[in-house]
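*Asks:* Sequence:
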Amino acid sequence: MWQVLTTGKARKQKDKLPKSMRDVLYLLEKDLTAGGPELTGWPHFGKIVGKKDVYHCHLNKGKPRYVAIWKVTDREIRLIEVRYVGTHENADYGRID
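In this text, residue positions in the sequence shown follow this note's numbering: the first is 1, and each later residue adds one.
It should be emphasised that the hints constitute simulated quantities derived from the structure, not laboratory data. From the three backbone atoms N, C-alpha and C, an ideal C-beta is built for every residue, glycine too. Hints may contain errors.
Claimed, not checked - Calculated lysine to aspartate or glutamate pairs in the EDC-like style (CA-CA distance at most 20 Å, straight line): (1) Lys47 - Asp92; (2) Lys12 - Glu81; (3) Lys9 - Glu89; (4) Lys51 - Glu38; (5) Lys12 - Glu29; (6) Lys47 - Asp31.
As the list claims (entries may be wrong) - Quick list of simulated restraints, FRET-style, between CB atoms: (7) Asp31 - Lys52: 20 to 28 Å; (8) Leu79 - Tyr26: 12 to 20 Å; (9) Met1 - Lys63: 32 to 40 Å; (10) Ser20 - Asn90: 12 to 20 Å; (11) Lys19 - Lys52: 29 to 37 Å.
Given only the sequences and the hints, what does the whole structure look like? Please build it.
*Replies:* Shown next, in the form of structure tokens:
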């Protein structure tokens with residue numbers, strides 16, 4: 001079992017999401033807790049190229065497209081931080097570390 005935390009910035013972003021996307025994010029967090037960071041069953045799941053232990057997936061199929069980005073901060077104690085939730089257009093993958 002993994003512990004999933006949400007950064008302060010991501011928490012504020014989450015509060016701005018439509019309710020349906022908050023519900024999907026809740027399910028994602030449950031899956032991260034149970035299965036760890038590599039959730040291959042989620043749409044467009046992938047590792048962020050050039051970043052260590054940073055992953056993302058899409059939360060929906062329509063427009064605007066919403067994404068979540070998370071990072072493994074400690075594999076030994078099984079700790080994951082959700083770093084960004086919001087539109088794909090506003091996601092700055094280069095700034096996530």
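*Asks:* Verify the proposed pairing of Lys51 with Glu38, using a straight-line Cα cut of 20 Å.
*Replies:* 14 Å, holds
*Asks:* Given the hint that Lys12 pairs with Glu81, test it: the Cα-Cα distance must not exceed 20 Å.
*Replies:* 14 Å, holds
*Asks:* Given the hint that Lys47 pairs with Asp92, does the C-alpha gap stay at or below 20 Å?
*Replies:* 14 Å, holds
*Asks:* Against the 20 Å threshold, does the CA-CA distance of Lys9 and Glu89 hold or violate the hint?
*Replies:* It holds: about 17 Å lies between the C-alpha atoms, which stays within 20 Å.
*Asks:* Does the hinted range 12 to 20 Å hold for Ser20 and Asn90 at CB?
*Replies:* Given range 12 to 20 Å: holds, Cβ gap about 18 Å.
*Asks:* For the hint 20 to 28 Å, verify it against the beta carbon of Asp31 and that of Lys52.
*Replies:* 21 Å, holds
*Asks:* Within 20 Å, alpha carbon to alpha carbon, are Lys47 and Asp31?
*Replies:* The given pair, whose Cα atoms are some 16 Å apart, holds under the 20 Å limit.
*Asks:* Go ahead and decide if the range 12 to 20 Å is satisfied by the Cβ distance of Leu79 to Tyr26.
*Replies:* Once the Cβ atoms are compared, 19 Å apart, the range 12 to 20 Å for Tyr26 and Leu79 holds.
*Asks:* Taking the beta carbons of Lys19 and Lys52, is their distance inside 29 to 37 Å?
*Replies:* 34 Å, holds
*Asks:* Assess, step by step, whether the Cα of Lys12 is no farther than 20 Å from the Cα of Glu29, and give holds or violated.
*Replies:* Since the Cα atoms of Lys12 and Glu29 sit roughly 16 Å apart, the hinted pair holds (cutoff 20 Å).
*Asks:* Quick check: does the Cβ-Cβ distance between Met1 and Lys63 fall within 32 to 40 Å?
*Replies:* The hint (32 to 40 Å, Cβ to Cβ) holds, given that Met1 and Lys63 are roughly 35 Å apart.
In summary, the structure agrees with every hint in the numbered list given earlier.
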